[in-house]
Each structure stands twice: as structure tokens, then as C-alpha cells.
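J.: Construct the entire structure; sequences and hints are all you get.
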Amino acid sequence: MINKIVQTVADAIGPVADGSTILLGGFGTAGMPDELLDALIEVGPRELTIVSNNAGNGEFGIAALLKAGLVRKVVCSFPRSADSYVFDELYRGGKVELELVPQGNLAERIRAAGAGIGAFFCPTGFGTELAGNRETRVIDGKPYVLEFPIHGDLALIKAERGDRWGNLTYRKAARNFGPVMAMAAKRTVATVYEIAELGAMDPEAIVTPGIFVSAVVEIKRMTTQAGGFKKAA
Amino acid sequence: MMKLNPRTKDQLAARVAQDIFDGAVVNLGIGQPTLVGNHLPPGLEVILHSENGILGMGPVPEAGQEDYDLINAGKQPVSLLHGGAYFHHADSFAMMRGGHIDICVLGAFQVSATGDLANWSTGAAGAIPAVGGAMDLATGARQTWVMMDLLTKQGQSKLVESCTYPLTGIGCVKRVYTDLATFHCTPQGLRLVDAVDGLDAAAIQTLVGLPIL
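First to last, the sequence lines map onto chains A and B. Per the numbering used here, the very first residue in the first sequence carries number 1; after that it's consecutive. Per the numbering used here, the very first residue in the second sequence carries number 234; after that it's consecutive.
Please keep in mind that the hints were generated in silico from the structure rather than gathered at the bench. Source: prediction; values computed, not measured. All residues carry an ideal CB built from backbone N, CA and C; glycine is no exception. A hint or two may mislead.
Unchecked claim - No more than 30 Å apart at the CA atoms, straight line, and that leaves these computed lysine-lysine pairs for BS3-like:
1) B:K236 / A:K142
2) A:K142 / B:K391
3) A:K186 / A:K4
4) A:K172 / A:K4
5) A:K186 / A:K142
6) B:K407 / B:K391
To be verified - Which chain B residues face chain A? A few, computed with CB under 8 Å, are given here:
7) E284
8) Q298
9) I304
10) A323
What the hints assert, rightly or not - Every beta carbon over 10 Å from chain A, so not counted as near; a handful from chain B, in silico:
11) F254
12) H272
13) H315
14) M329
15) S390
16) D412
17) P444
18) L446
T.: This is the structure we're talking about:
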């Protein structure tokens, strides 16, 4: 029998090695796997590389992970925000490395990892400093930059509903990076607000098929509030 | 020179909106470009795309109706129109890169006469760099339009021969809408489309310091 449902976020995450690369879903307030991040901080692996769109707000979620001193490198598209002071201070102090990646390249590099692509030529960023000194090629008259996949050791994502095979649906714009990150990591842990009986999820509407998911853990339903704060629904 | 009446931010947004065609799929950048959504001519059916996985984005919900799982690229709460759809990030950016977005409207620090764009970094020491979806949009949308003030607060033209700030994309901007005039960027240089009352091509050329076709 296949049963990917795990009772606690701590058990779902399990041991995490120092130096791991962790893919973290979420965009702004939507889809941040805060409960899993709290559990990851408890596990306490060090020298992590984290891959996410942003670099944390206030002192919760990614910012809490950074503040705990567990992160060596951040790969993201938009670290700056009005309340990203934890990241800002670490970055300015040279305590955390930043790889800035255009948002679409970030998503496609993660997708490529999950899809078994060795590298791909992408037009975004050609001629800019973010193209670095990577190989370029003109194809049909248009210039491209060679982009490499981003593999994760662990992906932590927030979904809405899941079953024991790991099938997932998401809620509104909280989907964001979840589906591609789920594909790209050796282990993927998803929180859901609701566990469905096997067969109860509409197979036409499953967004992430269970093949990409290692563990599903139910969390208490909360609503996301302004600034990412949570309130019991 | 007579006293000029620059377009207000809303007038500028309305000027951009005037050029958006029925049925267009449009991505409005963070900040000033968001205002364009408030000025779309009535009767037009336009689909707004948001980089974080929304097509058919609707207006800001009434107070108390906000859903923070339904936010725009600027992380502000929005709504979804009938017919709207959600999708993941790789699909969202495939829509840009794949040429499925008709128009994106972005802000800018500088635009070159031939359409190079600088809008993500001033290169200032100590600044936290952040690019978001700017490069993907600028190179991916079928047409990239910029809306900005023509001059900096110091009176220097933001339309330049070549950008001194770090580039977002090369030759990607087709049109520049400013508080004083509207331009098309072409491989040959700037073409003047319109200007506020009291500014003629010669006066614009003096302000910009570049040849106007």
C-alpha cells in the first residue's frame, strides 16, 4: 500500500543534511510553506542553499530560517522588499551569498531539473549582467543564453488538498512555484489543508500528480493575511 | 517657452490605455503601469496577466474581501474575472517568452533610442539587487511599452543614446509613453508620436538631446 500521508510536519521533513539545497514554494503572501519552514528550523541543518522567489519578510518563514543562521546561499529573483531586513543585513554583511535569477529563468531552471533537461537556451537576460559569462548562441537570428537546471535535495511546498498517493491541488495564486518545485527535488513535502480519500479528487483537476510528491501532511486551515500573517479560518 | 502641462500619472495611464486593442492579453508592471488598468476604454475586453500565475485578473477587491492567496505581482490583493485561470510559474513565464502576451507595460530608469531598457538596477553600492520578472517580460512580450517621466528630477532625459544603468534587455522597447510626449523606438532611433501642447519636435529634441526621426 502506498501512503504518503505523514502525521506531523517534523516527521514529514525528516533528517536534512547540512549543505542541502532546498526549494521553497511561495510568492509574496501566497503559498509560503511557513509551517514546514518552522519545522526545518527545528531540524537545524546548516550551510543550506535555499531557492525561492523572495528572501523573506519580517522575521517569519524564510526570514526566520535566515535569522537562525542556517543559510549559506540564496537563489532568488526578488530578495528586496519593504520588510526584508533580515536578508538585507546578512547580505550587506557578506554572511549570505546571493544568486539573482530572473523569475522566469528561476521557474524554468527548476522545471528543467524536474524534466531531466541538461541545459537550455533561453533569451531572457541576454546582454545583461545576469547572463554572466555563460555560453550564448544565436538561433534563427535570435540570441540566447545557456541556462542550467536547479535541482533540489528537498522541496517544501504548500498545497490545498491532497491524498495518500500524493496528488495535489492548490488554491488560487498560491500555486505559483509549487508544481515545478515538486518535480525538481529528491524529496518533496507538501502541506495541505485537507486530506482527500483516494479517488475523491477529480483526476481531471489534479495539478501535481502524486509521482512528484514524497510526503503530504495536513495542517490546520489558516487564512493568509496582509503581510503574510496567518489567522485561523 | 510657454508653461507646459505635463500629463498627470492618470492622464499618462489613460494615454497608454488608449492604444490597447480589444482582445489583447496585457501584463502591467508593478507601480505606475498598474494604473493603466483603471483607464481601459469601456467596451474593450482585455485579459490581464499577472506573472504569479493569473490570467483574467480583476480589480482590487472591496475592503474586507481581500484574499491573500489572490495577489498580483506587486503582492497586492486582486480579484479574478469570469473566464480567469490560475497556473504555475513555469507556464506563466512560458506565456511571456513564448510570445503569448501581446503587450507588457513597464516602468524604466532609462530607455535608449533603439529600445534598450534599464529598469531593474541603478547599480548603486549597497543596494539590494532584485530583478523579479522584468527581464522575462521585457524580452518575452510581443510588445514592450514603457511609461515614465521623460526627465529625471534633475532635468536629465531618461531617453538616452545608450543606457548607463545595468540593462534589462536589448532593443526590446517598442514605445515610450511619457508625461511630455510619446515615442516609438526603432532600429534607426526615436520617432515622435505625440506631445503635450506647447512642445514641438524641435523642443522635444532639445529636451531629449537626441535626433528625432
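J.: Hint numbers the structure violates, sorted upward?
T.: 1, 5, 8, 14
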